[in-house]
Amino acid sequence: GQQLNQSPQSMFIQEGEDVSMNCTSSSIFNTWLWYKQEPGEGPVLLIALYKAGELTSNGRLTAQFGITRKDSFLNISASIPSDVGIYFCAGVNYGGSQGNLIFGKGTKLSVKP
Amino acid sequence: DAGITQSPRYKITETGRQVTLMCHQTWSHSYMFWYRQDLGHGLRLIYYSAAADITDKGEVPDGYVVSRSKTENFPLTLESATRSQTSVYFCASSERVSNQPQHFGDGTRLSIL
Numbered sequence: 001g002q003q004l005n006q007s008p009q010s011m012f013i014q015e016g017e018d019v020s021m022n023c024t025s026s027s028i029f030n031t032w033l034w035y036k037q038e039p040g041e042g043p044v045l046l047i048a049l050y051k052a053g054e055l056t057s058n059g060r061l062t063a064q065f066g067i068t069r070k071d072s073f074l075n076i077s078a079s080i081p082s083d084v085g086i087y088f089c090a091g092v093n094y095g096g097s098q099g100n101l102i103f104g105k106g107t108k109l110s111v112k113p
Numbered sequence: 114d115a116g117i118t119q120s121p122r123y124k125i126t127e128t129g130r131q132v133t134l135m136c137h138q139t140w141s142h143s144y145m146f147w148y149r150q151d152l153g154h155g156l157r158l159i160y161y162s163a164a165a166d167i168t169d170k171g172e173v174p175d176g177y178v179v180s181r182s183k184t185e186n187f188p189l190t191l192e193s194a195t196r197s198q199t200s201v202y203f204c205a206s207s208e209r210v211s212n213q214p215q216h217f218g219d220g221t222r223l224s225i226l
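Residue numbers (our numbering), protein chains in the order written: chain A, 1 to 113; chain B, 114 to 226.
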């Protein structure tokens, strides 16, 4: 079935540094979503991307929908301690089974003050 | 505050018992989903529902039963719990599947002894 390869698996960074993570797939997706999950909570939507090439920002977060429709990246600028969590990418393929989300396995972000 | 709520938040039960996890959403979203989250596997879809009385299997449906008699509720039942079903379970909903993001509850942590 479809799979998303999300990297890196984990990151340990210093407060103030920029962060970059990405998702790639061998399949084409029509929508890319980025979620953040904090301990004891469900994933929360950060950014939704609907068009190839689209670049969208949400505060210090910026995400792009790759031109090939097979990848997406998320950047976080000037990280702060509350950025800690697990970041998931998810892709939607309209032609797939009812278009349900395919999730990456997550990038665990740790920020050292 | 409106949204999606799961209950219970924590549950411990024994092998062979039946257990039901509840999910309630106040957005009147058509679609509802159940996922399980396990280390090394990320989020995996168990079942989903496109509308009341319409349900379909996801990636890992064995051992689970769902129903959707009302749009706002989507309970998940483990008819005879097994240790391999120890996991964190998330319910989600979306307005439409094709391009609308899913919004998640805070999860139920289920331990089967």
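Since the hints were derived computationally from the structure, they do not count as laboratory data. Honestly, I wouldn't trust all of these hints.
List time: in silico SDA-like cross-link candidates among lysine to any residue, alpha-carbon distance up to 20 Å [to be verified]: (1) A:K70 - B:P214; (2) A:K108 - A:L46; (3) B:K170 - A:Q3; (4) A:K108 - B:L152.
Cross-check of the supplied hints:
no., hint, verdict
1, A:K70 - B:P214, "holds (18 Å)"
2, A:K108 - A:L46, "holds (15 Å)"
3, B:K170 - A:Q3, "holds (18 Å)"
4, A:K108 - B:L152, "holds (12 Å)"
In this structure, every one of the numbered hints holds.
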